[in-house]
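Sequence order for the protein chains is A and B.
Numbers given in this note's numbering equal positions in the first sequence, counted from 1, plus 49.
Numbers given in this note's numbering equal positions in the second sequence, counted from 1, plus 1442.
Since the hints were made in silico from the structure, they are not lab data.
Predicted, not measured: the structure shown is a model, and the values here were computed from it.
Be careful, since some hints might not be right.
List of simulated lysine-lysine pairs, DSS-like, C-alpha gap at most 25 Å [to be verified]:
hint	chain 1	residue 1	chain 2	residue 2
1	B	LYS1758	B	LYS1773
2	A	LYS198	B	LYS1758
3	B	LYS1758	A	LYS202
4	B	LYS1512	A	LYS198
5	B	LYS1512	B	LYS1486
6	B	LYS1808	A	LYS202
7	B	LYS1808	B	LYS1512
8	B	LYS1808	B	LYS1773
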Amino acid sequence: MAGAFETGEAYLAALQALLGDTIVSQHAHRGDMTLVVQTSAVADCLEKLAAAPGLQLDVLTDLTAVDYLPRTPRFEVVYHLLNFGTSLRLRIKVQVDDGEAVPTVSNLFLSANWMEREVYDMYGIVFDGHPDLRRILLYPEFEGHPLRKDYAKEAAQPRLELRDHRPWRDTPPEGVG
Amino acid sequence: MSKASTDFASRNVAAEIPMRLPDAAEYLHINIGPSHPATHGTVKVEALLDHETIVDCDVDPGYLHRGFEKEAEAHPYIQVMPYTDRLNYVSPLTNNVAYAMAVEKLADIEVPERAEYIRVIVSEISRITDHLTCLGPASMELGAFSVFLYMVRAREYLWQLIEEICGARMTTSYARFGGVAQDLPMNFGGALRWVIGEIHKVVRDVDILLTRNRIFYDRMRGIGILTADDLRSYAVTGPLLRAAGVARDMRRDEPYSVYDRFEFDVVVGERGDNYDRYMVRLEEILQSCRILEQALDQIPDGPILVDDRRFALPPKEEVYANIESLMDHFKLVMHGLQPAAGEAYAAVESPNGELGFYLVSDGSGKPLKCRVRPPSFIHLATLRQQLVGAQIADLVPIFGQINMIGGECDR
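Start from the sequences, fold in the hints, and give me the full structure.
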């Protein structure tokens, strides 16, 4: 955590004053201040946290998701925030169910663009408003979202047709450059 | 932060992949990679060229994706350690140490002092090998082949030292929860001090060859500039950030292990271009040598693994001698470490920047989630912005200075 606050309680109080009742729950397990916020409010929360004078958590160092199947809501999308100068850190989480979308924060942080693409690739969670939501690590014809708990590690993928694109003959298939 | 958001429309990736835009047919559409000698690790850059200028490009990682996170969820915590070797495979010890630190945070395990010093020593050795692996090929790609050979020879000495410590050059799996796997070999201090002398000679020679070299300077100065605001928005850390003048180094700002006991400088550049990145890395090698010498002077005697049978295997002599140790050994090998349910994030200043592990435990012996925060992937996201409008000949140096390591980027 480090940074500007003497105690965890002071830090939590500042966060509650800023974010109010968009906070669903909080904990500080192993010293990592963590807030769960309402999914619809996450972009606003991150924007406020980045701008707030005492916090300025303006670096989104990590964006990932966790699958808690069979719990509902099934997924948590986890954001790690940091201030380069004070080393203040915060973890923000939102809980979403299968099929529920999360507002994008790629308009606030350039780092979110690729990281949200990876979460979409691995978990199938859609980020509303993302300008370019397509797979990033896996190939476009991949079926399924492998980090989901109901995707078997040994699952086989279908064999693909060779991408033998000849401009005078065919139009390229969808999703392929 | 609000300064970055005004320019997003032009810098965030277009809603359409650039190659499928209507006017793309005017330009030459080529693939650079994934099988290309200068895109280290497998990355494809699809570029639209207007003569020598890159009009737009799409950076396509993922050709080395091996499912690290999925595998980690299927293995006991200790069995994930060999997978971490293969993340940033030019500084594997750093990955080992970072992963061990994350598990230690999650499970609340202490590390004895000697083990902390050993971790610092191997981490700094890894920093030097990583920087040599970045700068050597980067120079070769600009035509300075001798520099590559000098750096590779110096790196060879370091890998031989690592082999003496861990038994392997790259697949080290050296860290354990609560310490390290085995102690340093005899006369390690003498050997390391000799190698540090050789490193100093190589850095001096490379400095003489390149720093004021007309060709090198012209090819690197003013190329690939990213401002500090951009870097903050892209969450770039490490030498790329420091080259732009931001003095952030986790070893100084969020000291972990025993880094607060050493004197060293945080190397900072000015303009954030390729030349400054090169110089930052070169100087960081010398700062790592400083830390290594201090660590060798200060390292105490003592155990190298915490004496707590919930996490650390008992010594083999005891396993064969008394039943309690046998039971502890059995329990640890069969069921492994079982941290209390919860989550933890721990990070180190790896040679590439902030390397973190976010672990979620459900109380069982296997992680529910093992996320690597991969600096290479996050930094590669800046490549498109640096390439648009640049010359095709600048692609290789820019890409080289990002030091994208495929194993860490694609995981």
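Going down the list of hints, with the structure as the test:
no.: 1; hint: LYS1758/B to LYS1773/B; result: holds, 14 Å
no.: 2; hint: LYS198/A to LYS1758/B; result: violated, 38 Å
no.: 3; hint: LYS1758/B to LYS202/A; result: violated, 35 Å
no.: 4; hint: LYS1512/B to LYS198/A; result: holds, 9 Å
no.: 5; hint: LYS1512/B to LYS1486/B; result: holds, 24 Å
no.: 6; hint: LYS1808/B to LYS202/A; result: holds, 15 Å
no.: 7; hint: LYS1808/B to LYS1512/B; result: holds, 11 Å
no.: 8; hint: LYS1808/B to LYS1773/B; result: holds, 14 Å
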